[in-house]
Amino acid sequence: AVESGINSIIIVTGRDKAAIENHFDISYELEQTLQERGKTTVFEEVHEISDIAKISYTRQKQPLGLGHAIYQAKDFVENEPFAVVLPDDIIDAEVPALQQMISVFEKYESPVIATMQIEGEAISRFGVIDAEEVETGVYRIKDMVEKPKFADAPSDLAIIGRYIFTPDIFAAIEKTEKGAGGEIQITDAMRILLKERPIYAVKIDGIRHDAGDKLGFLIATVEFALKREELAPEFTKYLKTLDLK
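The opening residue of the sequence shown carries number 1 in the working numbering; numbering runs sequentially from there.
Hint data in this document are derived by calculation from the structure and do not stem from the laboratory.
Heads up, some of the hints might be wrong.
[Claimed, not checked] The list that follows gives simulated cross-link-like pairs (lysine-lysine, DSSO-like), each with its CA atoms no further than 30 angstroms apart:
{"id": "1", "residue 1": "17", "residue 2": "214"}
{"id": "2", "residue 1": "214", "residue 2": "245"}
{"id": "3", "residue 1": "227", "residue 2": "54"}
Could you build the full structure based on these sequences and the hints that come with them?
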């Protein structure tokens, strides 16, 4: 988000998530210790975490779905367009996913969602769009379906965890009926908004890792470790020593 030019961030949390706030806060004791020990590089990395953006927090008191979570940020957003980033979706892209989406938002001045091509039965784990391509990799959405059966999926373009919304999404969320488990699904809210204005989708140029899945988290960890200059050589040596059968 920061690499895409965003400098004000609202994190929606729940109970027992104080560690998230602590992570982005200033750690005076740690920073002082690092400076005293001359660990300048590590100090700069730690300090940068607390200085990357203006960060605010709000609570989702009940786990009532993504639409409900987004609604908790209404008073912070006021009348500005805003992005939603789901932390479980890690996207490795040369041009950040949000930056790819922002350029489309600026052109069409309408909400934009991120999609990726998903093949086979796995499509049933995602929201899926029915859309027409208006330019290479950019689609105007006609409808969307939440977790369809493979045979019923309207396309192979699945919605992933990046969105750019205009403030009228909040009115759509207010009109959205609760689904299974009393949850308010953002897909349902977008379908309501779709009746009032266009919504576009971008096929993201990048690789998505599902950090909410154990295997996906492990794969992401390995992939990003191999991209870090200070880790890659030794980590590669270690991987080569593994007796994989």
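Hint-by-hint comparison with the structure:
no.	hint	verdict
1	17 - 214	20 angstroms, holds
2	214 - 245	20 angstroms, holds
3	227 - 54	28 angstroms, holds
This entry satisfies every hint, going by the numbered hints stated previously.
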